[in-house]
Amino acid sequence: MASEKSADLLILGGGSGGYACALRAAQLGMSVILIEADKLGGTCLHNGCIPTKALLHAAEVADSVREAPGFGIKATLDGVDMSAVNTYKDDVIAGLYRGLQGLVASRDIELVRGHGRMVGDRTVEVELSDGGTERYRGEALVLATGSESKSLPGLAIGGRVMTSDRALELDSVPERVVVLGGGVIGCEFASVWSSLGAHVTIVEAAPNLLPTEDPWTSKQIERAFRKRGLVLRTKTAFRSVTDADGGVDVELADGSHLEADVMLVAVGRGPRTAGMGFAEAGVALERGFVVTDEWLQTSVPGVFAVGDIVAGPQLAHRGFAQGILVAEELAGLDCVPIVDKGIPRVTYSNPEVASVGLTEAEAAQEYGDVATVVYDLGGNGKSRILRTSGGVKLVSAGPDGPVVGIHLVGARVGELIGEAQLIYNWEATAGDVAQHVHAHPTQAEALGEAHLALAGKALHAHG
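Under the working numbering, the first residue of the sequence shown carries the number 1, and numbering increases by one thereafter.
For the record, the hints were derived by calculation from the structure and aren't laboratory data. A virtual CB, placed ideally from N, CA and C, is assigned to each residue, including glycine. Mixed in with the good hints, there may be bad ones.
[What the hints assert, rightly or not] Estimated spans, in silico, between C-beta atoms of each pair: (1) K74 with L170: 29 to 37 Å; (2) D130 with K227: 37 to 45 Å; (3) K457 with Q101: 49 to 57 Å; (4) V437 with V374: 18 to 26 Å; (5) T133 with T212: 38 to 46 Å.
[To be verified] Here are the simulated DSS-like cross-link-like pairs (lysine-lysine), alpha carbons at most 25 Å apart as the crow flies: (6) K227 with K74; (7) K382 with K53; (8) K457 with K382; (9) K150 with K39; (10) K382 with K219; (11) K53 with K341; (12) K219 with K235; (13) K74 with K382.
Sequences and hints are given; from them, build the entire structure.
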């Protein structure tokens, strides 16, 4: 083994959190070594956010063509060429990947390709992709090894039973799909397949889809999905699945059976920490997640953790922000801890779901007295033009307190979450927002109208 190499900052994992930390640290004058076992960009770029959203956009195009006659446009959907769809998806990924590689190279970051394992105080041993091993040490070490798809006990993945990784590679649209899990991943894939022509059944053990969202949101998305023809089996547990006659036979806990071409297992993602040497090096773990303080410092001094291995919402932009925070903290800049509830959340289904802050129940538990209002998109001109339904729900800490929860459902509402997260994170009241002018006709007006209603000045809403 060659002698140990060192740098100001050593980062294990080149996903959203790891590469953001590397870029910002290099920008601040630190020497950086970045270790990645696969490709820069991690799950988000190659197996998550970007490819799924590309598929969702293709699905949106299919819906638009199918619905074109309703807008006076003569068009028909002749079919779906999944090979061409995958080419489009892969081109998007490839372009972003080239750009990311160029950014890392331009900052003089040493990129080490291989599988790393923590072997001591701020030290990582790497099995290099081109053979051999090497040790690297940093004055500070950042753990950013990301997450991986989970399954249920006794549920084997393989063949026609697949996680999102395999689902992204399908070269045809299955006729019938069972989606096990009604969270973000399950709802997004169910939406894609339904738009592309599949018959989709979602099986979810919880009472509602998107169970971590506000119940109002769940009811809205369930109503929209049923209207689109998706079958929802909520409050229903999974029992077993078997391959049968070129498909799958899914047995549910109530004894009923579902037959489909494939079953997507979308029961969440777990932290990728097993076999990484973290616990052996003294890093405290809880349920597989790395334990950190609010500054993302682990139980070992000088060792930090960011992204999906830190318990909380598993969102690429959360890991990205955490990576920047650690780099700036190490550089001695004035920093503010990242609060998970202030991070915007979006489910890119049709319709979209976006939220930030607390649900009504969470707000009631924290503040006691809460006020709420729901503004229906039926009163919003741009939403009527788009023929989308949904709404905006606001939750405030009492009638005059700050807005502590914003929940949106409808086409393209993910684009509104930027303003929504500013409202929440600046602790604005309904009156603060109501005085601002929103362009007409835009869906952003719906946010303004909702705040007018919460402030007692509703115009395009009853009450």
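Against the structure, the hints:
A beta carbon spacing of about 31 Å between K74 and L170 agrees with the range 29 to 37 Å that was offered as a hint. Hint check: D130 to K227, Cβ distance near 54 Å, so the stated range 37 to 45 Å is violated. Separation of K457 from Q101 is about 52 Å and conforms to the stated range, judged on CB atoms against 49 to 57 Å. The supplied range of 18 to 26 Å is met by V437 and V374, whose beta-carbon atoms lie about 22 Å from each other.
A hinted range of 38 to 46 Å for the beta carbons of T133 and T212 is consistent with their spacing of about 41 Å. Restraint check for K227 and K74: satisfied, since their Cα atoms lie roughly 24 Å apart, inside the 25 Å limit. Proximity of K382 to K53 is assessed by CA-CA distance (about 23 Å); at most 25 Å being required, the pair is judged to hold. Restraint check for K457 and K382: satisfied, since their Cα atoms lie roughly 21 Å apart, inside the 25 Å limit.
Of the pairs offered as hints, the one joining K150 and K39 holds, with about 21 Å between alpha carbons and a cut-off of 25 Å not exceeded. For the hint linking K382 to K219, the alpha-carbon distance of about 23 Å falls within 25 Å, and the restraint holds. For a cut-off of 25 Å, the pair hint linking K53 to K341 stands: about 23 Å separates their Cα positions. Annotation: proposed proximity of K219 to K235 holds, straight-line Cα distance about 14 Å (limit 25 Å).
Among the hinted pairs, K74 with K382 is consistent with the structure: their alpha-carbon atoms are about 22 Å apart, no more than 25 Å.
Comparing the model with each earlier hint shows a violation of hint 2 alone; every other hint is respected.
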